[in-house]
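2 protein chains.
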Amino acid sequence: MQLKTIEETIAAAKDTSVTIKAPGTVANMVCGFDVLGMALNDPGDIMTVKLIEEPVVMIHNVDNYGLPTHPQKNVAGVALLDMIERMEHRVGFEVTIEKKIMPGSGIGSSAASSAGAVVAANHLLNNIFSNEDLVQMAMLGEKLASGVKHADNIAPCIYGGVTLIRSIHPLDIISIPSPPLYVTLVHPQIEVRTEDARQILRKQILLKDAIRQWGNIAALVAALMKNDYSLISRSLEDILIEPIRSILIPAFAEVKARCLEAGALGGGISGSGPSIFMLSSDEKTAREVETTMKEVYTYTGIEFYTYVTTVNRQGVTLIA
Amino acid sequence: MQLKTIEETIAAAKDTSVTIKAPGTVANMVCGFDVLGMALNDPGDIMTVKLIEEPVVMIHNVDNYGLPTHPQKNVAGVALLDMIERMEHRVGFEVTIEKKIMPGSGIGSSAASSAGAVVAANHLLNNIFSNEDLVQMAMLGEKLASGVKHADNIAPCIYGGVTLIRSIHPLDIISIPSPPLYVTLVHPQIEVRTEDARQILRKQILLKDAIRQWGNIAALVAALMKNDYSLISRSLEDILIEPIRSILIPAFAEVKARCLEAGALGGGISGSGPSIFMLSSDEKTAREVETTMKEVYTYTGIEFYTYVTTVNRQGVTLIA
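Top line first, the protein sequences correspond to chains A and B.
For the first sequence, this note's numbering begins at 58 and goes up steadily by one.
For the second sequence, this note's numbering begins at 58 and goes up steadily by one.
There's no promise every hint is true.
Just so you know, same-sequence chains aren't split out, so a pair can sit in one copy or run between any two.
[Stated by the list, open to error] Result set (DSS-like, lysine-lysine): computed pairs, CA atoms no more than 30 Å apart in a straight line:
| # | residue 1 | residue 2 |
| --- | --- | --- |
| 1 | K260 | K107 |
| 2 | K71 | K341 |
| 3 | K341 | K206 |
| 4 | K283 | K260 |
| 5 | K260 | K206 |
| 6 | K200 | K107 |
| 7 | K206 | K130 |
| 8 | K341 | K260 |
| 9 | K351 | K130 |
| 10 | K200 | K351 |
| 11 | K283 | K107 |
| 12 | K283 | K265 |
| 13 | K265 | K206 |
| 14 | K107 | K265 |
| 15 | K265 | K130 |
| 16 | K206 | K351 |
| 17 | K71 | K265 |
| 18 | K157 | K265 |
Since the hints were derived computationally from the structure, they do not count as laboratory data.
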């Protein structure tokens with residue numbers, strides 16, 4: 058960073074604004090607990106960020122979720138406050154957030170807010186920060202939301218596609234090429250707190266179960282890079298986390314079994330839930346999977362939303 | 058299998074023989090315990106298999122290792138006995154084995170014997186069995202040698218290159234493409250029994266350690282398929298098995314540290330040891346790594362052998 062360039066950049070950006078779309082994301086992808094994630098083309102949050110002179114963050118919510126507007130209590134806020142500190146308090150940001158990814162859905166709602174905010178702000182600053190810097194800032198939002206600084210939603214939200222977090226300290230993010238994939242999601246309207254979903258996991262596991270899990274994640278990465286749908290399907294197995302977390306999600310086993318019957322390659326809990334995602338190799342199957350999900354949840358009487366979408370390849374995108 | 062074809066095949070093959078080279082293999086590849094393996098161009102066993110009428114296995118050793126010649130006590134023997142059973146006792150085999158991979162080296166000596174035998178026999182039978190069938194038969198040799206039916210040496214020995222065993226039941230083997238890699242090995246002349254090396258491992262591990270391990274194996278697979286040497290290097294980390302097993306190998310920590318200083322991408326214990334392998338991106342570095350290994354082990358006073366080789370891409374190959 059050269060000081061002169063920064064000052065010129067700030068002067069040029071003052072009072073300008075940018076509007077972005079921040080994609081929803083599916084963390085874990087069944088066998089990649091805490092390390093894999095993928096971005097979705099739908100749903101996505103819309104955010105407008107304006108560069109202001111005063112080194113503060115002002116947040117306006119234009120949705121009905123009643124999220125905090127105090128910057129230190131808002132996931133976008135804490136990420137932008139970190140950016141302001143890195144900019145030595147020479148800038149501030151005014152943010153307008155229209156959430157389309159429901160908070161608590163397990164589709165990376167908090168990640169979209171914090172990642173979207175810093176990508177937009179960085180654009181105003183002529184991309185002074187690297188994608189890795191942005192992930193670091195946005196992870197502060199995840200820490201605020203769930204108590205843990207994790208990147209498995211943040212990384213795909215910023216990079217797009219499927220991402221692997223090899224390591225958090227030091228941060229090591231790898232983009233995994235993948236074939237066309239259709240994603241069907243169902244979001245049953247129940248509350249699963251990320252913290253609780255983490256709390257119920259066993260801290261100790263059997264070595265033999267871990268071996269099976271790392272065989273699956275290694276195979277899934279190979280399958281995605283080889284465009285091998287059959288192997289993707291075989292690798293989408295989680296014998297460690299899903300058996301425990303799925304207890305928190307009504308009708309999980311039935312939805313999963315019936316979606317596989319309907320032709321889905323596989324799927325499971327999106328992040329820590331309650332949403333369930335299923336991958337398909339074509340749109341027709343993905344729509345049949347949606348019909349199946351609707352049938353099961355209509356029967357349970359639980360309110361729900363469904364989405365049929367594809368893997369987002371660009372990450373956060375500028376729309377104005 | 059059509060009966061007529063089998064009978065014709067047997068008649069045509071009677072009293073013919075084939076000579077093969079069965080490659081040494083490195084199982085685990087640091088972060089892929091029990092699921093990854095790779096084949097080496099050197100060392101490799103030389104075996105001649107002849108098809109005979111009597112449904113028995115006759116074994117001749119033309120080396121000085123004094124391995125059992127009773128077929129039920131010999132790893133090649135039990136694999137061939139299984140093939141004879143699958144052939145409904147209509148054939149038998151006479152096998153001559155010249156071992157170049159020292160038994161107990163940790164470079165897949167038993168796998169080379171059993172895999173080499175069944176690949177050679179299958180060639181005589183006009184490849185009536187699939188590679189997966191052959192892996193199943195050869196795994197019986199591994200069970201005899203170490204008490205566990207594992208495929209992480211057998212699969213690369215038969216398929217060549219780097220292989221991933223996603224699952225043993227059902228068998229699911231995936232070939233992982235890889236860039237040119239040089240392999241330097243040192244085999245210190247101490248005994249580490251595979252059974253003992255397995256016994257000392259903890260049956261329970263921490264979930265957080267497992268997550269780090271599956272981040273590494275996923276990254277290693279991606280790195281191999283992307284020809285990304287820097288990522289290969291970063292991914293060659295094992296926080297679970299190596300800290301325990303390396304205790305059995307004198308000077309392990311020093312060899313590893315000095316080989317990394319010499320420019321190796323990374324490496325660790327070959328299989329369950331005692332051999333240590335290191336990967337390099339070029340031959341010059343691989344030779345410097347060999348010099349380093351020689352220096353360390355000369356100093357310890359332990360007898361040792363070293364090899365500088367490359368990844369074998371063909372698996373078991375016919376040489377006559």
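Here's how the hints hold up against the structure:
When the C-alpha separation of K260 and K107 is checked against a cutoff of 30 Å, the pair qualifies neither within a copy, at 43 Å, nor between copies, at 54 Å. Within a single copy, K71 and K341 get their C-alpha atoms no closer than 48 Å, and across copies no closer than 55 Å, so neither meets the 30 Å cut-off. For a Cα distance limit of 30 Å, the shortest separation of K341 from K206 qualifies neither inside one copy, at 38 Å, nor across copies, at 42 Å. For the identical chains of this complex, K283 and K260 are neighbours neither inside a copy (34 Å) nor across copies (33 Å), given an alpha-carbon limit of 30 Å.
Taking CA atoms no more than 30 Å apart as the test, K260 paired with K206 passes in both settings, with 18 Å inside one copy and 29 Å between copies. Taking the shortest Cα distances, K200 and K107 sit within 30 Å of each other inside one copy (24 Å), while across copies they are farther apart (66 Å). For the homomeric pair K206 and K130, the shortest alpha-carbon distance inside one copy (15 Å) is at most 30 Å, but the shortest distance between copies (54 Å) is not. Taking CA atoms no more than 30 Å apart as the test, K341 paired with K260 passes in neither setting, with 40 Å inside one copy and 45 Å between copies.
For the homomeric pair K351 and K130, neither the shortest alpha-carbon distance inside one copy (35 Å) nor that between copies (59 Å) is at most 30 Å. Within a single copy, K200 and K351 get their C-alpha atoms no closer than 33 Å, and across copies no closer than 49 Å, so neither meets the 30 Å cut-off. For the homomeric pair K283 and K107, neither the shortest alpha-carbon distance inside one copy (42 Å) nor that between copies (39 Å) is at most 30 Å. Taking the shortest alpha-carbon separations for K283 and K265, both the intra-copy value of 27 Å and the inter-copy value of 29 Å come in at or below 30 Å.
With identical chains, the CA atoms of K265 and K206 are at most 30 Å apart both within one copy (28 Å) and between copies (14 Å). Proximity of K107 to K265 under the C-alpha cut-off of 30 Å is found in neither arrangement, the shortest distances being 52 Å within a copy and 40 Å between copies. Proximity of K265 and K130 under a CA criterion of 30 Å is satisfied inter-copy only: 28 Å between copies versus 42 Å inside one chain copy. For a Cα distance limit of 30 Å, the shortest separation of K206 from K351 qualifies neither inside one copy, at 34 Å, nor across copies, at 44 Å.
Taking the shortest Cα distances, K71 and K265 never come within 30 Å of each other, neither inside one copy (57 Å) nor across copies (44 Å). Taking the shortest alpha-carbon separations for K157 and K265, neither the intra-copy value of 41 Å nor the inter-copy value of 33 Å comes in at or below 30 Å.
Hints 1, 2, 3, 4, 8, 9, 10, 11, 14, 16, 17, 18 from the list above are not met by this structure, while the remaining hints are.
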